[in-house]
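Once you have looked at the hints, place chain B on chain A.
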Amino acid sequence: MSKNIIVIGGGLAGLAATIKIAEAGFHVDLFSMVPVKRSHSVCAQGGINSAKDMKGEGDHPDLHTTDTLFGGEYLADQPLVQDMCYEGPKIIDLLDRMGVPFNRTPEGNLDFRRFGGTLFQRTAYAGATTGQQLMYALDEQVRRFEADGKVDKYEYWEFLSAIIDDDGICRGVTAMNLWDRTVQAFKGGAVCLATGGPGLIYGKSTNSVINTGAANSRVYQQGVNYANGEFIQVHPTSIPGADKLRLISESVRGEGGRVWVPKNPADKRHPTDIPDSERDYFLERKFPKYGNLVPRDVATREIFDICVNEERGVNGENQVYLDITPERSGQTAEALERKLGGVLEIYRKFQGADPLKEPMKIFPGVHYSMGGLWVSPVDDGGQIKQMTNIPGLFAAGEADFQYHGANRLGANSLLSCIFGGFLAAPRMCEWAASHSKEADQAIYDRELKRQNEINERVLGMTSGSENTFQIHKELGEWMTRYCTVVRRNEDLEKLAGKITEFEERWHKIDINDTAKPANQSFLWTRALWDMLQLAKAIVKGATLRNECRGAHYKPDFDLAMPEKDKMGIPTDTDVYREFVAALEAQNKTTYKPLPPKSGEEVAPEFIDYMTRWVEKEKTWNKSTLATYKEGDQPDISYLPTAMTVEPPKPRIYK
Amino acid sequence: MASSNGNDSSAQQTVTLRIKRQKAPGEAPYWETFKVPYERGMNVISALMKIRLNPETAEGRKTTPVTWDAGCLEEVCGACSMRINGIPRQSCTALIDNLEQPIVLEPFSKFPVIRDLMVDRTPMFESLKRVKAWVPVDGTYHLGPAEKISPEMQQIRYKYSECMTCGCCLEACPQYNGKSAFIGASVIGQSYLFNAHPTGKNLKGDRLDVMMGVGGVVDCGNAQNCVRVCPKGIPLTDAIAAIGGQVTIHAIRKMLHF
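The listed protein sequences derive, respectively, from chains A and B. Residue numbers for the first sequence follow the working numbering, beginning at 577 and rising by one. Residue numbers for the second sequence follow the working numbering, beginning at 23 and rising by one.
Chain A with its partners taken away, still in its complex shape (with noise of 0.2 Å):
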């Protein structure tokens, strides 16, 4: 029986899934492109969810688990949702006992604080470094099963490809030593990917340099279904730089932080001189109940519509004010330090202001990717959970596609990446256990080959014209223009084209340098190339979904609710959901609008609205499945969500 597993990345799912694997005695070969210690999941900022109500407010995993598919517009698969949440408080519990430094309450407990779209304190966290200091607990465990001989790091090393046997199963890997160029195959009998999202086909994002989505897309490009691709995460509160867009973590509102622009655009006064009533506190206005900790999507498509639309950023500028400073938090200086110094400490560092001063100055930037690769939701039927549609390929993490739908809930990343991890871990000692025929040495030659072949004509690219990264930069800002917060099909055509102008400018690259050592201009082109192919995927799956849910906004398709002072809509949002079981009563076809039963009045307009949204669900909520297709756009197929937890209803905050 193999008893050795590859596992790809070395961040919070990586290490998650080693950590498992080890403990159940199997070896495991770690590849990462940097150290592990060095991943990305070190910039998370903010916290990590669980529903385990030391707050006395009531809070439950169920709780949990209606926020998170509520916040991703019902796209998440629910059953697996609905377990990640009862497993929080595990988790939790577990990391605590590693020695993760979470804050806490004056009796020792753990300290919790609320997060955007839920009203429960529900976010343990570490200072603002959370995912930093989740990152090192595990990376500790890690290193005592190195010493132990049970884990293998190879740091430094890039993965290139899965290697797969005549019969379409996963048997190993091939990856790259990143300090001399060597390329080695390597036997696994079970292989996990956990290589994060890829934020920067965007080109200036929150991610880190390493997250280009490469080898995502390489076993993508090797037949590995990319789900929900066109679902990209644009986090509300950044900071623009030269070399990338900076967090600024939820939890600053969390704490009290408050989203605001002066009434008066032309108001050219210091921000700390312009007394509330001058100010325009535009997510509490518009959103009563949740205020600024509406969740991500809604925050940024109001940030977007401030500065863009109507022209009232700061300075005339595509920046609002976030504003943190005691006397409008509520909380003291001390406190606001001890809760979010790490996040403080980046916008005084980057930026030269204090935070608890005066109020900072944000603006959207993409951060994560809600889609990923398609993995399984069900141990059924020969699949498997966590595996890919490639047999004994596995993965976990922001690279997986299934817990988040079409909107991540902040903090939720972190718990989603070590649950992702620990279910794959099992799964994963089990089909190496019974896959143990050892794979012809064949296989693995001919991969290796193939690999070589792509390096040596890669280094062979000297004579172009084109450079790497300035191809990587046109594409990050033709994305960025056209992919993210607001979609419309004409852009998305223009950008596709644009696409395949970049794969043919790539051929014509002159990588400018062909040495051994860390040549990093030729990594990049190869990653580029990749790059582009998940591009290809994420816009066609854009371009397709004509209707507006959570990240994914088509104003060309959205439905307009009716103005809620109008038309007298219920509040209560399960007055939708029995309108729905209503319709769904009456007749199964053409929908003919009834009336809730619920003895609330309601007008004709929201009956309409109502029975537009039913027609849009029956026909939208379904994940986008893209198919690689080699020098072609992917194709693009659909797979229905399951509603075995809770049926959907209209996305409302107010």
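The hints are simulated quantities; they were obtained by calculation from the structure and are not laboratory data. A portion of the hints provided could be inaccurate.
[Unchecked claim] Only pairs whose alpha carbons sit at most 20 Å apart, straight line, appear in this in silico EDC-like list of lysine to aspartate or glutamate:
(1) A:LYS1049 to B:GLU78
(2) B:LYS84 to A:GLU1042
(3) B:LYS84 to A:ASP1086
(4) B:LYS151 to A:ASP724
(5) A:LYS1049 to B:GLU61
(6) A:LYS839 to A:GLU893
(7) A:LYS726 to B:GLU61
(8) B:LYS181 to A:GLU910
(9) B:LYS181 to A:GLU913
(10) B:LYS254 to A:GLU910
(11) A:LYS726 to B:ASP160
(12) A:LYS579 to A:ASP728
(13) B:LYS170 to A:ASP629
(14) B:LYS170 to A:ASP669
(15) B:LYS181 to A:GLU1080
(16) B:LYS226 to A:ASP724
(17) B:LYS45 to A:ASP724
(18) A:LYS579 to A:ASP724
(19) A:LYS666 to B:ASP160
(20) A:LYS1074 to A:GLU913
(21) A:LYS925 to B:GLU122
(22) A:LYS666 to B:GLU169
(23) A:LYS925 to B:GLU61
(24) B:LYS254 to A:GLU913
(25) B:LYS170 to A:GLU731
(26) A:LYS925 to B:ASP119
(27) B:LYS223 to A:ASP669
(28) B:LYS223 to A:ASP672
(29) B:LYS151 to A:GLU913
(30) A:LYS631 to B:GLU169
(31) B:LYS170 to A:GLU683
(32) A:LYS1092 to B:GLU49
(33) B:LYS254 to A:ASP930
(34) A:LYS1092 to B:ASP142
(35) A:LYS1049 to A:GLU1014
(36) B:LYS151 to A:GLU1181
(37) B:LYS151 to A:GLU599
[What the hints assert, rightly or not] Just a sample of chain B residues kept apart from chain A, beta carbon distances all over 12 Å, derived:
(38) THR55
(39) LEU75
(40) ALA80
Glycine is no exception: its CB is placed at the ideal position from the N, C-alpha and C atoms.
Frame of chain A, contents of chain B only:
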């Protein structure tokens, strides 16, 4: 977009960088000078990014793009360490406006160069293994909640737990070099971190054995450079003093066999 504060350099049109380069491990280093267009708010990372868009020296000679290590670009990953105008620090937080030009970039000198500004910091991670820088949990299965910890202790531990293994403290340390056995401040800080944890302290004896041995805490020369260059402001000298005290008690206990 968002404006950058700091010194006003809007008059500057170009940024000049002198970079110490090296083609491969063991090869002789050489210097190249670059000029890149100035941009508001730019840092050393974005200057390096501009070089690779058009890899040409200030003299107009075509060259290879500069290799450097980078990750998060917001000073939580520890990747982008280098010497900038002689000071070991993270290049992401090194804002051009605050640096004297020409900006001199060099790789760390205490670690083998892989290429240009990229060095091999593997020994730092190996040291973490030696001091068992972890909490010995029984397993990942559910064992209920952990012990309560006071907010005061959490604040102390959190500070040390921010260590990114970036290597600045070692680069600045006169006692740490390729020839000496000194384990360095970051690992002493990590030993302190885990000795202060209710379960982590179960391995305190093992850690103090290492700290007592060759290259342990006694090799610290008290130059205090580590605490001055630490990008996260970790009170490393406090940890060195505390571990020194723990080692003394440990040694006496060992001597008296209790």
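Against the structure, the hints:
1. Between LYS1049 of chain A and GLU78 of chain B, the direct Cα distance comes to roughly 18 Å. Compliance with the 20 Å bound is thereby established for this hinted pair.
2. Only pairs whose Cα atoms come within 20 Å are accepted, and LYS84 of chain B paired with GLU1042 of chain A is accepted, the gap being roughly 14 Å.
3. Taken as a hint, the LYS84 of chain B and ASP1086 of chain A pair is honoured in the structure, with Cα atoms around 12 Å apart against an allowance of 20 Å.
4. For the hint linking LYS151 of chain B to ASP724 of chain A, the alpha-carbon distance of about 10 Å falls within 20 Å, and the restraint holds.
5. With a CA separation close to 16 Å, the supplied pair LYS1049 of chain A and GLU61 of chain B stays within the 20 Å bound.
6. For a cut-off of 20 Å, the pair hint linking LYS839 of chain A to GLU893 of chain A stands: about 15 Å separates their Cα positions.
7. Taking the CA atoms of LYS726 of chain A and GLU61 of chain B, the gap is about 48 Å. The hint is violated against a cut of 20 Å.
8. Using a Cα cut-off of 20 Å, the hinted pair LYS181 of chain B and GLU910 of chain A holds, with the two alpha carbons roughly 15 Å apart.
9. The suggested pairing of LYS181 of chain B with GLU913 of chain A holds, with an alpha-carbon distance near 13 Å, which does not exceed 20 Å.
10. A threshold of 20 Å between alpha carbons decides the hint, and for LYS254 of chain B with GLU910 of chain A the separation of about 18 Å falls inside it, so the pair holds.
11. With a CA separation close to 16 Å, the supplied pair LYS726 of chain A and ASP160 of chain B stays within the 20 Å bound.
12. Our distance criterion of 20 Å between C-alpha atoms is met by LYS579 of chain A and ASP728 of chain A, whose separation comes to about 13 Å.
13. For a cut-off of 20 Å, the pair hint linking LYS170 of chain B to ASP629 of chain A stands: about 16 Å separates their Cα positions.
14. Our distance criterion of 20 Å between C-alpha atoms is met by LYS170 of chain B and ASP669 of chain A, whose separation comes to about 11 Å.
15. Distance restraint check for LYS181 of chain B and GLU1080 of chain A: the Cα-Cα separation of roughly 50 Å exceeds the 20 Å cut-off, and the hinted pair is therefore not satisfied.
16. Taking the CA atoms of LYS226 of chain B and ASP724 of chain A, the gap is near 19 Å; set against the 20 Å cutoff, the hint holds.
17. Using a Cα cut-off of 20 Å, the hinted pair LYS45 of chain B and ASP724 of chain A is violated, with the two alpha carbons roughly 36 Å apart.
18. At roughly 16 Å between alpha-carbon atoms, LYS579 of chain A and ASP724 of chain A fall within 20 Å of each other, so this suggested pair holds.
19. Distance check on the hinted pair: LYS666 of chain A and ASP160 of chain B sit about 15 Å apart at the alpha-carbon level, within 20 Å; holds.
20. Only pairs whose Cα atoms come within 20 Å are accepted, and LYS1074 of chain A paired with GLU913 of chain A is rejected, the gap being roughly 46 Å.
21. For the given pair, LYS925 of chain A sits about 17 Å from GLU122 of chain B by alpha-carbon distance, which is consistent with the 20 Å threshold.
22. Between LYS666 of chain A and GLU169 of chain B, the direct Cα distance comes to roughly 14 Å. Compliance with the 20 Å bound is thereby established for this hinted pair.
23. Proximity of LYS925 of chain A to GLU61 of chain B is assessed by CA-CA distance (about 17 Å); at most 20 Å being required, the pair is judged to hold.
24. Between LYS254 of chain B and GLU913 of chain A the CA atoms are separated by roughly 14 Å; this keeps the pair inside 20 Å, and the hint holds.
25. Taking the CA atoms of LYS170 of chain B and GLU731 of chain A, the gap is near 36 Å; set against the 20 Å cutoff, the hint is violated.
26. With a C-alpha separation of about 12 Å, the suggested pairing of LYS925 of chain A with ASP119 of chain B holds against the 20 Å cut-off.
27. For a cut-off of 20 Å, the pair hint linking LYS223 of chain B to ASP669 of chain A stands: about 19 Å separates their Cα positions.
28. Straight-line distance between C-alpha atoms of LYS223 of chain B and ASP672 of chain A comes to about 15 Å, which keeps the hinted pair within the 20 Å bound.
29. This hinted pair does not check out: LYS151 of chain B and GLU913 of chain A have alpha carbons roughly 32 Å apart, beyond 20 Å.
30. For the suggested pair LYS631 of chain A and GLU169 of chain B, the alpha carbons sit about 18 Å apart, so the restraint of at most 20 Å is met.
31. Our distance criterion of 20 Å between C-alpha atoms is met by LYS170 of chain B and GLU683 of chain A, whose separation comes to about 8 Å.
32. With a C-alpha separation of about 13 Å, the suggested pairing of LYS1092 of chain A with GLU49 of chain B holds against the 20 Å cut-off.
33. Restraint check: the Cα-Cα separation between LYS254 of chain B and ASP930 of chain A comes to about 17 Å, which is no more than 20 Å; the hinted pair holds.
34. Under the criterion of a C-alpha separation no larger than 20 Å, the hint pairing LYS1092 of chain A with ASP142 of chain B is consistent with the structure, at around 16 Å.
35. With a C-alpha separation of about 45 Å, the suggested pair LYS1049 of chain A and GLU1014 of chain A falls outside the 20 Å cut-off, and the hint is violated.
36. Restraint check for LYS151 of chain B and GLU1181 of chain A: the C-alpha separation of about 67 Å exceeds 20 Å, so the hint is violated.
37. Note on LYS151 of chain B and GLU599 of chain A: the hinted pairing holds, with a Cα-Cα distance of about 18 Å set against a maximum of 20 Å.
38. With a closest Cβ-Cβ approach of about 18 Å to chain A, THR55 of chain B is found to remain outside the 12 Å limit, as its non-interface label requires.
39. Look at LEU75 of chain B: its CB is around 5 Å from the nearest CB on chain A, not clear of 12 Å, so calling it non-interface is violated.
40. Every beta carbon of chain A lies more than 12 Å from that of ALA80 of chain B, the smallest distance being close to 17 Å; the non-interface claim holds.
Of the hints listed earlier, those the structure fails to meet are numbers 7, 15, 17, 20, 25, 29, 35, 36, 39, in rising order.
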